[in-house]
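Dock chains S and R against the given chain B, drawing on the hints supplied.
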Amino acid sequence: MRFKPLLTLFLIVSFAGPLFAADTIKIGDINSYKNLPAHTIPYRNGATLAIEKINASGGVLGKQLELISRDDQGKPAEAIKIAEDLFSREEVSLISGTLFSHIGIALGSYAAKNKKLYIAAEPLADALVWAKGNRYTFRLRPSTYMQAAMLAEEAAKKKDVKTWATIAPNYAYGKDAVSAFKNALKKLRPDVEFVGEQWPALFKINAGAETQALLQMKPQGIYNVTFGSDLAKFVREGTLRNLFKDRLVVGLLTGEPEYIDPLKDEAPEGWLVTGYPWYDIKDSTHQEFVASYRKKFNETPKIGSIVGYNTMMTIEALLKKAQSTDTEKMVEAMKGLDVNTPTGPVHYRAIDHQSTMGAYVGWTTVKNGTGIMVDWKYLDGKNYLPTDAEVRKLRPN
Amino acid sequence: MMGELLEVKHLSKSFAGIQAVNDISFSINRGELVSLIGPNGAGKSTCFNMLNGQIKPDKGSVRINGRETVGMSPDKIWKLGVGRTFQITATFYSMTVLENVRIALINDAQKLYSFFARTEKLYHEEAMNLLEQVGIVDQRDRLCGILAYGDLKRVELAVALANNPGLLLMDEPTAGMSPKERVALMALTHEIVKTKNIAALFTEHDMDVVFNHASRIMVLARGSLIASGMPDEIKNNQMVQEIYLGASFT
Amino acid sequence: MSIYAVQFLIGLSDASVLFLTASGLSIIFGVSRIVNFSHGSFYMLGAYIGYSLIGDSDNPLIFWGGLFLAAVVTGLVGVLVEIVLLRRLYHVPELFQLIATFGVILVIQDLTFMIWGAEDLLGPRAPGLTGSIELLGALVPSYDIALIVLSPLVLVGIWLLFYKTRWGALVRAATEDREMVAALGVNQNLLFTGVFFLGCFLAGLGGAAQLPKGGANLLMDFGIIAEVFVVVVVGGMGSIWGAYIAAIIISELNAFGILFLPESSLVMMFLAMAVILIARPWGLFGKSESMEHKPPSEREDLTISGRKLPWNWGWLLLIAVLLVIPWFQIDFVMTLVIEMVLLSFFAATLHFIMGPGGMVSFGHALFFGGGSYAVALFVNYLQLPMSVLLIAGPAVTMVFALLVGWFCVRLSGVYFAMLTLAFAQLAWSVVFQWDSVTGGDDGIIGVWPTGPAEDKIVFYYLVITLTSLSLYVIRRVISSPFGFALRACRDSSLRSRAIGIDVRKIQWIAFTISGFMAGLAGSLYVYSKGSIFPTEMAIPRSFDALIMLLLGGVQSPVGPIIGGSVYTFLIDYITRFDYWRLLLGIMIMLLIVLFPRGISGIFSSGIIQRIKLLGQSE
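Top to bottom, those sequences are chains B, S and R.
Mapping to our numbering: the first sequence position 381 is 382, numbers consecutive.
Mapping to our numbering: the second sequence position 37 is 604, numbers consecutive.
Mapping to our numbering: the third sequence position 446 is 1449, numbers consecutive.
The set of hints was computed from the structure by calculation and includes no laboratory data.
Every residue gets a Cβ at the ideal spot worked out from N, C-alpha and C, and that includes glycine.
A hint or two may mislead.
[What the hints assert, rightly or not] With a straight-line cut-off of 30 Å between C-alpha atoms, the simulated BS3-like cross-links for lysine-lysine are: (1) 643/S with 1508/R; (2) 1508/R with 688/S; (3) 1290/R with 643/S; (4) 330/B with 1459/R.
[To be verified] Over the 10 Å line for every Cβ pair with chain R, so calculated as not near, a few chain B residues: (5) 55; (6) 57; (7) 265; (8) 327; (9) 381.
The following block holds chain B by itself, in its conformation from the complex (with noise of 0.2 Å):
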């Protein structure tokens, strides 16, 4: 008898989801919400003001968008099962999200295991939709692959910088964003040359012996993929160290809010970064994006906010489309769509499933005690792909 409480409330649990189902299309939502809220509760944000737009012109296909998010936890194998749970008991659609890249990979295996769709918002591995691409997963955020090109190309152009040192989290991002901006600069200058390595462990980087190792390697330019608290430390041993002083230093994502607002006045200054201009966009749509998610959420948006507002756009241009929520049907229909954004068009590739979202690059300076990007160019995802040929190459059959 002593099991029976437990499996009263067990299978109550179990049972009950799917008799409350209401009729909408539902959208299974995973994110690290307690890992790294900085990050995904924007993410969060600007897909909840997509779906309350969406609803309230009428909502997809005469039914209304109900988005249901859950935590993973920061584990895979927590957002595998979230998934399944998803898919099982809450009978959604289709599932989309997460940051991290380890999960996105994760999810994204279980998508082509399960024959389930997967729209990767914003993780940045290359391998999601190349080594490890299948047909059930499609990637909206440019990858490290795309960011990294789009800064080499401006690096190139910095003719006397022919020195550089690297320095990144280690661990899988960080490797892929450094060979990433290798080849790339190599391709385009051959003549550079790469004097060293720095590799910090994740969020526990030692930044004055770090400085000081790269000062050592005495580079003309210097590569950086640390983030978050690293960045901060980075940026802070680097000043005090003068390691900037007369040097290029190229910031992968750096320029994002969710970057450099927090390190305020003591922003870098002259960076070369990828990153998210909010301030600075004219384009109207996205100043109405602007002001409604400012009046909203009572705060200024981040690159989150932006691409969780873009994927619950991408979501009602595929149901548009396919005019179904079977599986295989959005599957078809997410090859070669197109969705208008407030940051452009964007294309998702039928070839790598990759859309063509593109990224803005500028250099950093410091306005009102924030850092900002100046000088920046919004540069099309689509320039910045290996060719079709290379790219069959990097998806398996």
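Chains S and R in isolation, oriented as in the chain B frame:
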């Protein structure tokens, strides 16, 4: 040829510069029930722990049945046929009295490393016999963790007897018992020593017990052996009286 | 040459923050024997509170006063935790306090998030020390120099407190011998509260002092805890000097590691810890202590003595329920049940060494994750079939367990736990950073069952069958002569040796069996998920198993099953809420305070007794 069962030569041990046991030598033969007495801190327990392998002597030698045991661990010394009871009882608190004895019997039969046998079916009779010998059959299903101190001493004795030892080392075997129980337990020990022709070395605070049962007495004071002899000789030894027994000696 | 000198200075200034935090943990452990896993949370709190107190002020008085005040406030929060929670737990086994402090971590995490928000906060700079000075031909931040000076000052302060005050003398006495202080008639509660204040004060000071070098963020707590533990264990638990020297050793190792082996940072630290513990089991300045396992305050559930097992029908019922689950054809229910079963299995393997064996491992995830990784690597590189790998996976972890166990069984108590933690972290850092082989944090994917078990229902039955069989084997072993010998070694190693039991050998074998079984659980787990990531080998996974045991009741043979199921289910359910960590943390604390014998304890003390009585009256 049969030499002495236990032969100790020049045994010494110091802790942090304090000489706990200082160059003691003695030997014990089969059939002897020898008592080691001395005031608190005289080095009795240290001595026992060196004989049994818990403490490694600084120098000296211990031979059991002719085998040098210095440097051996207690479990190896046990294999030479040494049973031990402790001053502060050490039993398996989560097991019943019967199980405590049983596990010792199982190990003696070299069946400790069987992973699927049902323990409760092993050596029941032998275990019961031992419990009967020490007189705690009625307590057999009680956990040692809740047993009275005197009973624990009995359990320890039963456990120590499990491998038919040639040498029994008993550190205050009757502590916590009533005078009547003490006499009974020592009588039992005496009988076992005689019938099985083994040797026993014990420490004891109760002088009645010592003088009534020991066939020989050794006196330890400040780490040194100051006297050794028959009970009567010790009783009359001037030095022992002064140093150890003092006025309270009757 | 000067580069090395500069690097040495950097190491010294890093050591400073590490020392401040670690010394607090060491003091707390020394006196109260509490392994305070929430120490990192107090460090984090110190940073956040310091941030709020100092603000943008340019006044050095406000800055340094703010640091001090932040430490005081953190200390007071510590006092609150001690009075409300830990004080109720001094009489229960150390493990319970450990899990309680795990609850504290969760609560502080969510509260900090509620109060200060999600965004990383950039720390204020120290007024007057914002620049750098030229030293040995390089620029050295002046605040680094301040830090280098600060920690010896604190060290001297602690020394004066300990050696020149009566309170300090009592603390030292308590560190040497707890019973003695109790015998002296000292108010132990007051002493412990005071010590906890001091420990948390130092953690808070460490957190606040690092503000100018970084700031405050929500990952700080877990970020520093492993390092702090390494320092305390390497230095010798309870030794302040040890903490200072060890902090310098570890920091210099990091600083020079960056220069020579930039990719090996994590591995180096844990390798150093393992080596030092093997050579000096009680750390550099720690003293060996006799560690006879103390009898638990309440009697062990006697069912494991191998008598008639009253749970037999309960097992059968459970298996019957499990067998009909697939009939409902709800994929997720099957997934959840598989996870419950496998995590219970994992918890049971830990229970085997922890319950009957008395060996508390903090690194059991090494074998669980190890089994998963062994299978995943074999699949990835050799494409071996599942039938082979369900033997090969556990075989690999068995070899690990043989190696690790050989070192670990020489120790006991907290030191045993710490060495297992060191090995597990070593393995984790290798898996995490050796990405060319293991895929790093991207893990290994595509590890799905092969053969008949490709069908989910077949796989489900396979999991149930293998787990039931293994649990049956574990139970048989526990009631076998070997199991009795294992309990004998736990109850009294002195007595065990005196009746000829080779204690280390018995424990070594038990550790190996447990490692094999945990490897089997892990091997099945990887097939159930289709992928494996380093998180399955990390500290939280080891803790999951500990919490499950605690939830179920450590001394009960059914503890792991109940605990594993309830915990898995609870996590699945509770994570739907926004502040689930807060909720879970509070639940863990309540559970420990109210039901120290776990769920099975509630049953066996209440309901079961009544059922038994009913049975007898019939």
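Here is what the structure says about each hint:
Under the criterion of a C-alpha separation no larger than 30 Å, the hint pairing residue 643/S with residue 1508/R is consistent with the structure, at around 13 Å. Restraint check: the Cα-Cα separation between residue 1508/R and residue 688/S comes to about 24 Å, which is no more than 30 Å; the hinted pair holds. For a cut-off of 30 Å, the pair hint linking residue 1290/R to residue 643/S stands: about 28 Å separates their Cα positions. Restraint check for residue 330/B and residue 1459/R: the C-alpha separation of about 25 Å stays at or below 30 Å, so the hint holds.
For residue 55/B, the condition that its CB be more than 10 Å from all CB atoms of chain R holds, with the nearest at approximately 23 Å. Interface exclusion of residue 57/B from chain R stands, the closest Cβ pair being 25 Å apart, more than 10 Å. Chain R draws residue 265/B into its interface by the beta-carbon criterion, the shortest separation being 6 Å against a cut-off of 10 Å. Listed as a non-interface residue, residue 327/B keeps its Cβ farther than 10 Å from every Cβ of chain R; the least gap is roughly 18 Å.
Its beta-carbon lying about 28 Å from the closest one in chain R, residue 381/B satisfies the requirement of being farther than 10 Å from that chain.
Hint check: a violation occurs at hint 7 only; the rest are consistent with the structure.
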